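Sequence order for the protein chains is A and B.
Sequential numbering from 1 applies to the first sequence in this note's numbering.
Sequential numbering from 495 applies to the second sequence in this note's numbering.
Heads up, a few of these hints could be off.
As the list claims (entries may be wrong) - Which stretches of chain B does chain A cover? Using the computed rule of at least three CB atoms under 8 angstroms from a CB of chain A, they are:
hint, stretch
1, 499 to 513
2, 516 to 522
Said to hold, decoys possible - Computed list of lysine-lysine pairs in DSBU-like fashion (alpha-carbon distance at most 35 angstroms, straight line):
hint, chain 1, residue 1, chain 2, residue 2
3, A, K437, B, K520
4, A, K335, B, K520
5, A, K295, A, K77
Think of the hints as simulated: they come from the structure by calculation, not from any bench.
All of these numbers come straight from a predicted model, not from anything done at the bench.
Note that CB positions come from ideal geometry on N, CA and C, so glycine has one too.
So you can see what is in the structure, the chains are spelled out below.
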Amino acid sequence: MFRNPLLLTALSLTAAVSVWGLIDTHGLAQFAAGMVNVTLKSRGWFVMLTASMMLIASIWLALSRYGGITLGRSGDKPEFSTFSWLAMMFAAGMGVGLLFYGAAEPISHFLFLNQGMPAQDAASQALFLTYFHWGLHAWAIYGLTGLVMAYFMFRRQAPPLISSPVRVVFGDKPWTRTIGWLMDLLAIYAIAIGLAGSIALGVFQVQDGVASLFNIQGAGLGLGLTIFAVLCLAYTLPLLVDLSKGMGTLSNTAILIAISLMLFVLLVGPTHFFMRGIVEGFGNYFTHALSQGFKTYPFYQDAVDKYFTDWTLNYMLWWLAWAPFVGVFIARISKGRTIREFIMGVLLAPTVFSIFWFGIFGGMGFYQGAANRLDPTVVQTSINSTTFILLETMPLSRLTIAATVLAAFLFIVTSVVSAAYVLAMFSTGGDQNPPVKVKLMWGVILGALGLVMILSGSAEAVRQIIALSANPFVFIIIFIIMCLLKALKDERTF
Amino acid sequence: MDNLIDTLLNVGTFVFIGLMLWLYFKEVPKENEPEENRDI
């Protein structure tokens, strides 16, 4: 294990960031914010262009003659039923974030937009922006990365590594080995930081949920660290033994709890109001999504520019940071599907679910806000608590808050275990059964990085650190997509 | 200084886009075709 230079370099790099964060948390957060600010200001246009082009390329691939190509040998059948396939994909891609931002994000957008437009327009536009952040563009980033991985894994029999497309298309040469090594290293780093950020955000939310459940006033770092310790214990066991089926069950349980929560709010809340908002949201989103992807607000005042950078650009970078992890995961479960089936499933099903999710939770936030049962400015003072404060305005609040806390916890555990597996696989040259000690080591590193981000005490700082790690990934993803398009030229599809 | 960094970052991006276009159109000897194509 210690003779593997990629593993050693990746471990050193992520460990160095952990140590820096532990010694000077504020300094790391400030550095990340500064770097992200500079690069997003200069290259924000490129990030938006990349996301939009990935969506257009996905749609083109699905509709083109290449759509009929099977991800595997001709005659291979899908391993999972379509429902399980979609459920697993969705759990890996969104998970805890949905619980975290369900009501908070539409309300945040509403407060900002309401400064310049009437409330009714601001509410509609706030939901549209939220759908845009979690919809087709996000899933095109995941989907196209996953498609590249699946194509080279199952059709070209290459190892499951981010560098494989380059080596397959351009051959095994010194430059492809060097670039490939660097790509694998940056992929490992981006996954580690992205997942650690997700752990931290999850702990922030679980902490507020537990505080709300047991009426703990002024719960601070102590409660967060206790939850973090329980979480570490919870994910260590599955790393020691092969619990792949058990992990699938945990992930499905988390999704079922989330769906039950959504149905509860839909049925107990003003159902007709939600459905009107959702129908309007569908029309609004599907007619404007493509053009919104090209919006970079060059002629607006600084406040709009800052809002666009803080939300839209950060989201796109966030999806890019997660793309190697989610992409590999989606690829692994998609053997035997055609390119068309793969793209349609990855793009449409999660987008439609997100529109329902945010339409219901965001709609409930607006509804309770209008009835003075919820103070919308809670998103400015305590964004982590928004979901719980909203649930408190509804019947059976203790049960729904407990269910949210449990679902968040399960999402984090399954994400960390899957991420430790993917990291171990990447850092051992694509070994599909990596040694337990390598998985454990990644579990520890993810935990340490997560701890650093929890100590930063700010969801905003966590988002900046994730965005910084994702920066190089914009280029890597474009590189491997170019390899896919080049490789497809060799396919005989007539 | 800000303008210089901005210019450098964008020039880097333009070079990258150019490199990708060049690599896409560059002829590469075929070593690894899909298996079923080799049967035809």
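Hints numbered earlier in the text: which of these fail when held up against the supplied structure? Of the numbered hints, 3, 5 do not hold.
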